[in-house]
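Engineer: Listed here are the chains, written in short residue letters.
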Amino acid sequence: MTALTEVPVYGLSRDEKRPLLVEALAALTRRHAERCAPYRKILDARGGAEVKSLEDVPFIPARLFKTHDLSSVSAEETVKLLTSSGTTGGQVSRIALDKATASEQTRALVRIMQNFIGKDRLPMLIVDHPGVIQNRDAFSARGAGIRGMSTFGRDHTYLLRDADMSLDLAVLDAFLERNAGRPVLVFGFTFMVWEYLVQALRRTGRRLDLGQAVLVHSGGWKKLVDRRVDNATFKAAVKEVCGIPRVHDFYGMVEQVGSVFVECEEGCLHAPAHADVIVREPGSWAPLPVGETGVIQVLSVLPGSYPGHSILTEDLGVLLGEDDCGCGRKGRRFRVFGRIAQAEARGCSDTHAAA
Amino acid sequence: MAEADLVSFELVVSRVGDDPAAAVDALSRAPAWPPFRAEAAAFVAALSADIMRSPQARQHPEMIAFAYRMRRQALLELQASLQPSGTGGVLRGRGLALHFAPANVDTIFLYSLMLSLLAGNANVVRLSSRTGEQVSLVLDLLAARLDDPAYAALRDRVLIVRYEHSDAVTARLSALADLRVVWGGDNAVAAIRRAPLRPLARDVVFPDRWSMAVLDAHSFLAANDPGDIARGFVNDAYWFGQMACSSPRLVVWLGDDRQAEAAADRFYALVHEHAERFRAELQQIDYVNKRVFEDGTAADHAGVRVSAGDGLVSRIDLPFDELGEPESHCGGGAFVNSRVERLEDLAPLLARKLQTVVSFGVPGDAWRRLLSEQPVGGVDRIVAPGAALDFNAVWDGMNLLREFTRETTVAV
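These protein sequences, in sequence, are chains A and B.
Residue 267 in the numbering used here sits at position 267 of the first sequence, and the numbers go up by one each step.
Residue 147 in the numbering used here sits at position 147 of the second sequence, and the numbers go up by one each step.
So that you can see chain B by itself, here it is in the shape it has in the complex (with noise of 0.2 angstroms):
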């Protein structure tokens, strides 16, 4: 690396050496694999076995369902759905990929390394200076594999470093990436951003996204288990404390006025019953946030009802009309709540920023309807309540393994 005496860094994981600039130039030269090459498939899923056997990560459901989804068998599943779109085309990966992992969901930036990894990239994954006591546990499994003789040739594809926030190591960085992926928001991929890619390298980026719950009032009352509904919305919702891109913020019925109340009156207070496993996590300040979102979002529409309760469950309703996107949120349980007749109504809602649907009692193929016929910006994913934090390899619209891969098309 030029100037790299501009350029310093935390090596939190390395096996290339001590020296920041010359691992990350040892990266810069290992050469691109074909996806799921033998070796990277089966470190990836010895790192999942790991997981599954270490107590202390077995505390944390997002580390048990990283490890599920991240297991042998899942891999070949994996690897089966990748597939070159023309007849003889070669995928391999691309080359140097550079992650900038969020602040706050541990996870992620497990996914979107081994994803990688197993595209056939090299990886620097750059953590946020504030992780928690599950990054380092995952570290400590992922040096001590590294260190395993049998995976010495993932030695320099991995590389994990830390640094306080600076556009000169972001520069120095991106200067040598193939493939930037950047999580974080809005305000994360517009730094990032401000530093150049080689012109064959590119971004794949994760912007500011929110979500939101649609379900039928009809079914909902009908439902054997509404329990069971709301316990996998409160998932949803709670887990992150609803910050999450994938949180739903928004609740519409389908259905009649009539209908609509009352199942969103049952909803609610299932909602609240399941909720109070989430109660000590609330801090005093999310209650003076969603107070804060409660009155302000009274003052900036008509026709709006709150109600609060005791504050763990915080319920606004809105006429539909009223409502637009929610880009900004408190956290910490606000649901604003509202209602339309029929799905084709929700279509004006449906704009580019919306991630997931936590979607109950409207078929697959009435969502499918909607996506092909009506003017639709946005949904990336559809799911069942309980499944809007469940991490797939296909994530806002995008295939990431094809993502992380380049097709060479062979036509002779």
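Isolated chain A, as found in the complex (with noise of 0.2 angstroms):
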């Protein structure tokens, strides 16, 4: 395990890379089985797990870590425990960090976002208001995000006001001012900063000449999907408006902290040396090929404290490659399409709530 998060983060090709990342989750897929019961009991209801590949490696639903207590370390090891923003149905994700998975996803995180934003800290700026890292129950995802995208900034400027969201013009100035010429880090959630950022600036007809600047946003494409805004709209938009060149997307979850996947230069997710990616077919769950839909699993040699080293997500992707893009980066590369629908209700329940 050590090894690969050691390794230059996009520096190992397949044939380097699969022998480690087997043997690294298959010692994780032991320890867990051993430490944590009902993981046992998953994995002995199939028959228990041989893994001499990485497609070997049993995966569990995401969504188990919603409904069940999943944790291989006990109570007093616990020094931290992540919860997840409730989707629909209000259940969040509990995710228990021992003092070594925590420090071994924090040093992963910064591995691979110095490979994108460098090792100096930028002066940050923030598409959101001061007061969602305060307000812990309504936006718990989103100021988790930005604290933990913080440490890779200074000078933290919040661009929007509390009160209505809007942009507040005379901070963004005076940040300007005070770090004129510098390269800056802009970080914001992807919807933010659409609605918040790119179309509030053309609202007021102002432009920025952001030239210096990375802008590195995520949380998911649903509600600019519903507006038909894609990645290139986005990105030719931010280009447009601020000036940014450089923008990443990341795509991430609590359930693996740590191993985020960021988009390159060429517009693909990359998987980091210490995780990696199948697309599977709903169903058989069978690893499909480059170019073929399925769900996406994700596996990561970071989870050592909660059997959350190979997780079925609920978004829907397609491998584009692995070793072979133009950005110079190994590893595989996907994009994301995003969750999958969810069945209209059936049978007979649900007059009211529904209806």
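A hint or two may mislead.
Label-pair distances were calculated between CB atoms; the ranges are [said to hold, decoys possible]:
| id | chain 1 | residue 1 | chain 2 | residue 2 | range |
| --- | --- | --- | --- | --- | --- |
| 1 | A | 34 | B | 196 | 51 to 59 angstroms |
| 2 | B | 375 | A | 291 | 53 to 61 angstroms |
| 3 | A | 228 | B | 303 | 46 to 54 angstroms |
| 4 | B | 384 | A | 47 | 45 to 53 angstroms |
| 5 | A | 236 | B | 300 | 45 to 53 angstroms |
| 6 | B | 194 | A | 225 | 31 to 39 angstroms |
Computed list of chain B residues with no C-beta within reach of chain A, every gap over 12 angstroms [unchecked claim]:
| id | residue |
| --- | --- |
| 7 | 13 |
| 8 | 52 |
| 9 | 60 |
| 10 | 90 |
| 11 | 146 |
| 12 | 152 |
| 13 | 279 |
| 14 | 289 |
| 15 | 291 |
| 16 | 311 |
| 17 | 314 |
| 18 | 351 |
| 19 | 398 |
| 20 | 412 |
Straight-line C-alpha distance at most 20 angstroms; calculated SDA-like pairs for lysine to any residue [what the hints assert, rightly or not]:
| id | chain 1 | residue 1 | chain 2 | residue 2 |
| --- | --- | --- | --- | --- |
| 21 | B | 353 | B | 390 |
| 22 | A | 41 | B | 303 |
| 23 | A | 66 | B | 292 |
| 24 | A | 41 | B | 317 |
| 25 | A | 41 | B | 302 |
Simulated from the structure, these hints should not be mistaken for laboratory data.
Even glycine gets a Cβ: it sits at the ideal position worked out from N, Cα and C.
Join the two chains, each given in its own frame, into one complex according to the hints.
Structural biologist: Right, dumping it as structure tokens:
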């Protein structure tokens, strides 16, 4: 496990990476089976797990972290309990971190982000309102994301007003004056960037010249797809209105903090050395080749304190290739299409609730 | 209606004007009729014939089943089955019936409405906002029949409405009702019960239920037609995505270990074969839901075995003493499979919320004995494979025609 977190984060080819990854994930599978009884029962119900290849690594649905307490460490060893925001239904994931896992996550995230934004802590513009990190209930996921990214910046400057999310141009101008000519980091959730920065600037007619900036954003495309905004449109608009030439989306989840998949200059999400993705056919769960859309499974060597090293997400995606990206980074590259559509309610229930 | 300005809803089918408040008012003034009054019975039979003649309606098996159950001959049998309990008693409708239709089983509101019409009531039906093509089809036929001068007497006895969830509207309608019929499970029942009924009015409610299959292993292995049994079971389970209250979620075998295992292996292979027909109806999320259900069940219990193959049929083996009531279920063809030695061993599982047992190889008398001799809390119907979803005028343990009428004792 140490090996994959020490090597260049996008430097291993498939042949170099696979044996190390399989060994580490097989060891994690054994470790969690020993220490987490519900996880062991899940494996036993399918006849146990013999891990010979990456595809053999058993996976469990991400949703189980909302319905079950899946931890491989004692309460005393738990230093941090991560929770996700509840989607519909209101249940939240609960992820128990011990000291080692928490610090591995932080180190891994640093190594990934440094690859895209450099080693220096840059002056940082946050496309959100300052209240978001105080309000732990309503915006916990957004708040946690901002707190996480804040370690990569300094001079943290919130662009939106608490009261109405309007763009505070005075704050922006002061920031630009302080940091004229320097590279800066802009961070925000994808929808916030679109709605409260790009669209807000368009309404005022103001154009920014952030040619030295890099924008990092995350949070998913659902609201933008509803507005018929795809990644290309998004990037073009960010360039046109803010002048930001470098834009990186990333895909990650609370169940695997530290294993984010960042979008490269070519528009592909990349697996770092210590993590990987498999796309599977719903139902048979057979791995799918490059080009075929299926459900995304994410694998990571980081989760030592909970059995989340191999998780079936509820997102659809497609593999684009491996070790063959124009950006020069090695590893698998892929695209995410978003959440699987929820089924229409069927059967006798829900006259009232759903109607 | 008082404070009519507070209340607005869409009139989907109304032959008593365009004003919602006035329309409901007109229905509340319609007198109760005796059951099976000629006009009402003729109207139901005519609608049944219309459905049989409609090429579009005929494409839906459950529409054909409805029409078949409401054909003239069947109505005569239904009428003969409805008798006052006391000598010389008189049955009559209760007055104004208010029906809340379930969101997704389209034909339920038709049964509810037609039985209540036959019972002698005037009827307001609140449709779900999500109704399918079948409902519009049948509403067109219904409206056309109401326009037929021969059935003019029915015009102030049928009103179909639709409204977004609104406690105010439900309360206004409930205040006028003599009988309220609530389909749609626990949430619907709880929400609608918040609106008070008049002291003399009553609720007939259909809360959440679940269903199972009980199959005799030896009989199944010896059956000439195991494929027919599996096909019937697949219809019971996969129709409505296994989410109807009558869809079997649990399969319990009677027999010894070896026989039960052999029978189950054969059974699920055949189920898989027949379930192919429903494959196109399973969505990606169904497969994910099944996976979550399989692994969640495994985590919660000891000794679970999961075999899901290509995902079409998911079999989850559980020791019988680990079984609980499968109140939440993922649907889409997931079966918790277990075994008991003898029928009596089943008794603890047959709890109040169990509605339908799909039974094969267990004689009716064995069931009758079990139900009368053991402390069995639930079970409202025991049917053969393929019949789980057949609607009957006796439903959830109630004779609906009796529930929808009242009896006047005449003891002089």
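Engineer: Tell me, which hint numbers fail for this structure?
Structural biologist: 4, 13, 14, 15, 16, 17
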